[in-house]
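Top to bottom, those sequences are chains D and R.
Note that the first sequence covers residues 1 to 178 in our numbering.
Note that the second sequence covers residues 179 to 358 in our numbering.
What the hints contain is simulated information worked out from the structure, not anything from laboratory work.
Even glycine gets a Cβ: it sits at the ideal position worked out from N, Cα and C.
Now the in silico label distances, taken between C-beta atoms and shown as ranges:
| id | chain 1 | residue 1 | chain 2 | residue 2 | range |
| --- | --- | --- | --- | --- | --- |
| 1 | D | 134 | R | 289 | 38 to 44 Å |
| 2 | D | 134 | R | 277 | 49 to 55 Å |
| 3 | R | 289 | D | 5 | 52 to 58 Å |
| 4 | D | 18 | R | 222 | 39 to 45 Å |
| 5 | D | 100 | R | 192 | 55 to 61 Å |
| 6 | R | 220 | D | 145 | 32 to 38 Å |
| 7 | D | 118 | R | 209 | 30 to 36 Å |
| 8 | D | 27 | R | 231 | 27 to 33 Å |
| 9 | R | 212 | D | 25 | 37 to 43 Å |
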Amino acid sequence: MINGKKVYLRALERTDVARMQQWINDPDITPYLISHFPYSLDQEMAWYNSKQRPESKEVILGIVEKTTDIHVGNIGLHGIDWVNSVAEVGIFIGDKGYWSKGLGTDAMATMLSYAFGELNLNRIFLNVFKFNERAIRSYEKCGFVVEAVLRDDVFKNNRYHDTVVMGILRDEFDIRGR
Amino acid sequence: MEGNLTKLRPLEQQDSEILFSWYRDLEVTDLLDIDLPVGMISIIDMITKKTTSTDTVGFMVEDRKSDIPIGVIMLNSINWVDRKAELGIMIGDKGYWSKGYGEDAAKTLLGYAFNRLDLHRIFLKTYSFNERAIRCFEKCGFKEEGRLRAGRYWKGKRHDVLVMSMISDEFLEAMRNDQW
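Turn these sequences into a full structure, and let the hints guide you.
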C-alpha cells in the first residue's frame, strides 16, 4: 500500500475486476481511453490474470479514497525502461461520483513519489488526448510539462485528434512536499 | 518495392544470420535503442512476427543495383483504427551510411504505408545525438512534434528523444509537387 493525502494505492484484487469492467465500458469514460473496443467480464478477467505473474516492467494499482475505503480508479506505470530510467504513467478515475475532487491529482503525486523515491526512475511521461483539458490541468498541477503534440494521433468520435505528451523529471518533483 | 537506390523485399528466415550480425555490431546499435545483447532466438522471433502478424511488417533493404542486403526497415505497432504506425530503420552495412540509402528506403516505405496500407500517420522516434538520422528524416518530409526530455541515457548523459511524424496529406502534397 502506498499512502497519499486523499487516497492510497494498493494492488488490484480479483474482486475488483467486475467493477473495472463496468468502468472501461462506461460511455462517459470510453472517450478518454486509448482502446476502441468493448470488454467482456471474461476479457477483463483474462487481462487481470495476465498481470498476476511477477513482472518488473509494469506496476498497476487501484486508487482508494481514504475516508470511505472505496476503490475509485486505477493508476499504473507501464513499459518501465530500466536502462533509461523511464516509465509511462496511465490513470483514470472510473467512479464518476469522484471526479473533480482532486483524487486523480493526489493519486498521480503519490505515484510520482513512488516512481522517483522507491523505484529510482528519472523520467515519467504520459499521453493525454488534447481535448481532455481537465486531465491536462491536473497533470500540470503535479508538475508535468508539455513536451510534444502528436498530430492526428487518435481517431475518436468521427475525427482525428491530437495527443499531448507530458513529462516530469525527478529533479522537478517536490518529493518532500509529499 | 523499388526506390531509386534501394528495393524492399519481405524478410525471410534465411535473413537471420545477416540480421544477427548487424544487431551484434556495436557501431550499428550505438545510435539505436538496443542496449542488451540480442540473441538469435529474438531475431528468428522478430522475422516470424514481421511476416505473420497484421500489426507489424518488416522488409529487407537491398541495394537496387547489386541485390546486396544492406539493412532492415519496419512498421511497428500498426493501429488500424487510428491508422498509424511507427517507423523503424537500420542500415546495418556501414559502407552504405551517409549515401542516401536510408532516405530512399524510408521514402519507399512511406509510399507503401500511405498508398497501399492507407495509413494516416507515420511517426518515429530518434535521439537528439543521432544527427545523421534526423537529417535523413527531415529530407523525407518528417516534421518534429516535440522533444521528450531525458528519454535516453547515452555515453554518461541523458539526452532528448525526438518525435517526428508525417500525415497522409503531407505525403500526397509532396507527391503532387514531385518532391518524391
